[in-house]
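Here is how the chains run, residue by residue.
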Amino acid sequence: DAMVIQNPRYQVTQFGKPVTLSCSQTLNHNVMYWYQQKSSQAPKLLFHYYDKDFNNEADTPDNFQSRRPNTSFCFLDIRSPGLGDAAMYLCATSGLWDRGVWGYTFGSGTRLTVV
Amino acid sequence: GENVEQHPSTLSVQEGDSAVIKCTYSDSASNYFPWYKQELGKRPQLIIDIRSNVGEKKDQRIAVTLNKTAKHFSLHITETQPEDSAVYFCAASIRGGGADGLTFGKGTHLIIQP
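Chains A and B, in that order, are what the protein sequence lines are. So the first sequence is residues 1 to 115, counted in the numbering used here. So the second sequence is residues 1001 to 1114, counted in the numbering used here.
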């Protein structure tokens, strides 16, 4: 009954070769987030979509882009992966109402290796 | 932006004893404070959360306290068990975590000694 699904679980890409990670949700949440988590570090927010509105964190490198074609899907594109981009990428979703967030849910993550 | 400090980075306790992890935050506008447990290679799992209109919340062996004036919040685990061993992250968010995402602390590696 996975509700936030990330594919693939493991992704190996070559240095400089574009790669896309995907996330889908069955929760109908209006907010979707992408986090990067490097080994032994905390998750770090890259960007999020509130419905179709894209919000980029100030320190997210230009190398990272995102697309949300509909409510259920969100993609993370890494245009030219470097060795420093090797990490676990976590997708999360939440609902939002006037009192704040509810149902904040993480996917299982995609572990990216750059060779 | 928000900054979250978490201590200690590693905590080792005897099975059955209590564990306390503390976090401070910088932005007084933050009003949502979740705690996550993450086992190696797995996703963060929400274990408890608290909103700024509440001072304490408890769920079986786990409790969270919030001091808005001092801008700190703590996780308390009583009667610790081996399966409690994991990395624990605190987080804070403005506007109830609305569309601003979460700012995480650096994590605490909790080790339960048998």
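Among the hints, a few may not be true.
Said to hold, decoys possible - Per the computed footprint, the stretches of chain B lying under chain A, defined by three or more beta-carbons under 8 Å from a beta-carbon of chain A, are:
1) 1007-1013
2) 1101-1111
As the list claims (entries may be wrong) - Ranges of calculated distance between the beta carbons of each label pair, as one might list FRET restraints:
3) B:S1028 x A:S22: 36 to 42 Å
4) B:K1058 x A:L83: 17 to 23 Å
5) A:D62 x B:Q1113: 43 to 49 Å
No lab work stands behind these hints, which were simulated from the structure alone. All figures in this text were calculated on a predicted structure; none of them were measured in a lab. A virtual CB, placed ideally from N, CA and C, is assigned to each residue, including glycine.
How the hints compare with the structure:
no., hint, result
1, 1007-1013, "violated (count 0)"
2, 1101-1111, "holds (count 7)"
3, B:S1028 x A:S22: 36 to 42 Å, "holds, 38 Å"
4, B:K1058 x A:L83: 17 to 23 Å, "violated, 45 Å"
5, A:D62 x B:Q1113: 43 to 49 Å, "holds, 46 Å"
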